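**Q** Those protein sequence lines, which keep their order, are chains H and X. Each residue of the first sequence is one higher than the last, beginning at 2 in our numbering. Each residue of the second sequence is one higher than the last, beginning at 2 in our numbering.
Simulated from the structure, these hints should not be mistaken for laboratory data. Quantities reported herein were computed from a predicted structural model and do not represent experimental measurements. Yeah, the Cβ is synthetic: ideal placement off N, Cα and C, and Gly gets one too. Hints may be right or wrong, so weigh each one.
With a straight-line Cα cutoff of 35 Å, these simulated DSBU-like cross-link-like pairs (lysine-lysine) come out [said to hold, decoys possible]:
| hint | chain 1 | residue 1 | chain 2 | residue 2 |
| --- | --- | --- | --- | --- |
| 1 | H | K198 | X | K369 |
| 2 | X | K242 | H | K49 |
| 3 | X | K44 | H | K200 |
| 4 | H | K192 | H | K157 |
| 5 | X | K242 | H | K200 |
| 6 | H | K192 | X | K109 |
| 7 | X | K322 | H | K192 |
Chain X regions said to be covered by chain H (calculated; three or more residues, Cβ under 8 Å) [to be verified]:
| hint | region |
| --- | --- |
| 8 | 4-13 |
| 9 | 56-67 |
| 10 | 191-203 |
| 11 | 322-333 |
Spelled out from the first residue to the last, the chains are:
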Amino acid sequence: MNIVVCVKYVPDAQSDRTFNDSDKTTDRESVDGLLSELDEYAVEEALKLVEAGEGEVTVVTVGPDQAADAVKKALQMGADKAVHISDEAIHGSDAPATSLVLAEAIKKIGSPDLVLCGLASTDGTMSVVPAMLAERLGLPQVTQASELSVEGDAVKIRRDGDVASETIEASLPCLVSVTDQINEPRYPSFKGIMAAKKKPVETWTLADLGVDAGQVGLDNSWTKVLEFTKRPPREQGEIVKDEGDGGSKLAEFLASRKFI
Amino acid sequence: MFELDRHHEDFRRTVRDFAEREVAPHVAQWDRDSYFPTDLVPKMGDLGLFGLVVPEEFGGAGEHGDFTSLCVAIEELGRVDQSIGITLSAGVGLGINPILTYGSDEQKQRFLPDLVAGRALAGFGLTEPDAGSDAGATRTRAVRDGEEWVVNGAKAFITNSGTDITSVVTVTARTGENEDGSPQISAIMIPSGTPGFTAEAPYHKLGWHISDTHGLTFEDCRVPAENLLGEEGEGYKQFLKTLDDGRIAISALALGMTQAMLELATDYAKTRQAFGRPIGANQGVSFQVADLAVMVEASRQLTYRAAWLKDEMEAGRRGLKEVKQAASIAKLYTSEAAVTATRIATQIFGGNGFMEEYPVARFYRDAKILEIGEGTSEVQRMLIARNLGLPSA
Ligand SMILES: Cc1cc2nc3c(=O)[nH]c(=O)nc-3n(C[C@H](O)[C@H](O)[C@H](O)COP(=O)(O)OP(=O)(O)OC[C@H]3O[C@@H](n4cnc5c(N)ncnc54)[C@H](O)[C@@H]3O)c2cc1C
Numbered sequence: 002m003n004i005v006v007c008v009k010y011v012p013d014a015q016s017d018r019t020f021n022d023s024d025k026t027t028d029r030e031s032v033d034g035l036l037s038e039l040d041e042y043a044v045e046e047a048l049k050l051v052e053a054g055e056g057e058v059t060v061v062t063v064g065p066d067q068a069a070d071a072v073k074k075a076l077q078m079g080a081d082k083a084v085h086i087s088d089e090a091i092h093g094s095d096a097p098a099t100s101l102v103l104a105e106a107i108k109k110i111g112s113p114d115l116v117l118c119g120l121a122s123t124d125g126t127m128s129v130v131p132a133m134l135a136e137r138l139g140l141p142q143v144t145q146a147s148e149l150s151v152e153g154d155a156v157k158i159r160r161d162g163d164v165a166s167e168t169i170e171a172s173l174p175c176l177v178s179v180t181d182q183i184n185e186p187r188y189p190s191f192k193g194i195m196a197a198k199k200k201p202v203e204t205w206t207l208a209d210l211g212v213d214a215g216q217v218g219l220d221n222s223w224t225k226v227l228e229f230t231k232r233p234p235r236e237q238g239e240i241v242k243d244e245g246d247g248g249s250k251l252a253e254f255l256a257s258r259k260f261i
Numbered sequence: 002m003f004e005l006d007r008h009h010e011d012f013r014r015t016v017r018d019f020a021e022r023e024v025a026p027h028v029a030q031w032d033r034d035s036y037f038p039t040d041l042v043p044k045m046g047d048l049g050l051f052g053l054v055v056p057e058e059f060g061g062a063g064e065h066g067d068f069t070s071l072c073v074a075i076e077e078l079g080r081v082d083q084s085i086g087i088t089l090s091a092g093v094g095l096g097i098n099p100i101l102t103y104g105s106d107e108q109k110q111r112f113l114p115d116l117v118a119g120r121a122l123a124g125f126g127l128t129e130p131d132a133g134s135d136a137g138a139t140r141t142r143a144v145r146d147g148e149e150w151v152v153n154g155a156k157a158f159i160t161n162s163g164t165d166i167t168s169v170v171t172v173t174a175r176t177g178e179n180e181d182g183s184p185q186i187s188a189i190m191i192p193s194g195t196p197g198f199t200a201e202a203p204y205h206k207l208g209w210h211i212s213d214t215h216g217l218t219f220e221d222c223r224v225p226a227e228n229l230l231g232e233e234g235e236g237y238k239q240f241l242k243t244l245d246d247g248r249i250a251i252s253a254l255a256l257g258m259t260q261a262m263l264e265l266a267t268d269y270a271k272t273r274q275a276f277g278r279p280i281g282a283n284q285g286v287s288f289q290v291a292d293l294a295v296m297v298e299a300s301r302q303l304t305y306r307a308a309w310l311k312d313e314m315e316a317g318r319r320g321l322k323e324v325k326q327a328a329s330i331a332k333l334y335t336s337e338a339a340v341t342a343t344r345i346a347t348q349i350f351g352g353n354g355f356m357e358e359y360p361v362a363r364f365y366r367d368a369k370i371l372e373i374g375e376g377t378s379e380v381q382r383m384l385i386a387r388n389l390g391l392p393s394a
């Protein structure tokens, strides 16, 4: 089974994330980036499926030069090869444009049996790229899988909702997005790190994909960020001194915030 | 000259990630409970940490691995918790290394795959209640009886010797006398569970609460003759070589500690307010933090140069004498710097530094052993001076 996993390079949530003042896009220069944690689950699931049977895992990312780091990590975890689409014109692309580039890249890679995505990117957190991508590829989509199995020509997933867990089946080829409940992503092992040095990474531009620069980028985005305001720093907490009535004071506080 | 490769830095990221996610959230509790996290060991095995200097046939990294990578792993684990760092350091240096270096094919096949995978741990018992720095004074005896060795005696302070997954402890024992009357010492492998071999109740230690340390007793403990490790009578020389590697590994552990002290102290000095300004605005504090940065840098250079020399020696490009000297110098400086660094950091944390809620307190307790284990500071000075050609007592 051949699997393509879409991964994204995102600013490290541990660092001081911000936006560019000039064009109000995510600042990817001044903070360290990494493979989006939520995408690690998709990579892990792909590796498990291939290890249990046969086939190849290809990771694909759309992003600036540094995004090579994200595919490197996926290769270190065990993916077989990678494609990195990097093009100045892509800067500032919204979800429809990103899904277009991904779709064309996946067509060029070949016809995978399965496309896997994470639940959402940890920077944009829109969760819509998987659905848009499936639409563009004409594939059935089953999203937010917390369990996945392949039986013959179909995948079966469990999708946990507020009121019930659904078991859903879709025929292959198809696209599945997975949650952080689905598995426990592995750490790259020393051997994996050494092996990744020799794995093929192809870097493609929009021209390689036949995508017109006029279909992507900030200027062609369907939505625009007009303004951003930094969250005010957290205020100092309130200290409740226990003078025998600490319990009721705490209860009062919680009630005033409508917690109880 | 030496410098870390790109893959060393990639590997550092992995181990740091692992340490911060799998170790950091639990250490305070493990330390309080003196709990050895057996389940963590196979996870460390999955990362390849135990196999960095082991051939591929036993599950190791083979030609890709090197001692420098092992030091990177020990440093990064040690930055989060020293006990976990020493578990790796001793697991490889004292557990795996002697078997790898001196073991027969059969001994290697029997023990190494599980040790490399982290399914098992091994210990090395040299120190005795009456033989530490003077390890040649070993009293434990092994007498040959037909096709068996009968071992009697006791060992003290043996790391990784009594965990649920300890598979074997290699011990040094007298097996005869040389012509000049000095004892012949040999190394013998005693599998866990051998009748007559007891790992005593764990010690109550000042630090390294998470690390597994036991006294061992042997009462008419019988093992097959083939459990001799290496040559009969060569045990003394064998363990001396084992300790050289261990010293560089301890330097890496000390470096991890000093690095942690620098990070914690810098953060605290920037945020803790007194007299209406951050305490780090006072030179009395900021100069101490600057000293920590110098200690980190010096420790880093000494450690990785010694590791590089060792890797070069394995490749036949450097001599043993040079490595031994570099190892002793690195061990001496980095361990003493780590003790100083914890004292500085604890002081900067003020009263909080004395509280177990803050990791500096744990590091403060964990530091002292670095100047004692794998050869005390005095022993290192002795070796360095001897290497310079100074007469010995
Ligand atoms: C937590 C822990 C884990 C350990 N793990 C292991 C292990 O896995 N395997 C193992 O074999 N051992 C282990 N050890 C033992 C450790 O290596 C010894 O404690 C150490 O070598 C010192 O020996 P000693 O305790 O007998 O001290 P001694 O040798 O009695 O030394 C006491 C003091 O005298 C000084 N001294 C001794 N001789 C001289 C001299 N000639 N000149 C100047 N000063 C001198 C020493 O430097 C020291 O300050 C461990 C110890 C601890 C505490």
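**Q** Each hint needs a verdict: does it hold in this structure or not?
**A** Do the hints match the structure? See the list:
no.	hint	in the structure
1	H:K198 - X:K369	violated, 40 Å
2	X:K242 - H:K49	violated, 42 Å
3	X:K44 - H:K200	holds, 25 Å
4	H:K192 - H:K157	holds, 32 Å
5	X:K242 - H:K200	violated, 38 Å
6	H:K192 - X:K109	holds, 21 Å
7	X:K322 - H:K192	holds, 32 Å
8	4-13	holds (count 3)
9	56-67	holds (count 3)
10	191-203	violated (count 0)
11	322-333	violated (count 0)
Taken one by one, the earlier hints fail for this structure at numbers 1, 2, 5, 10 and 11, listed in ascending order.
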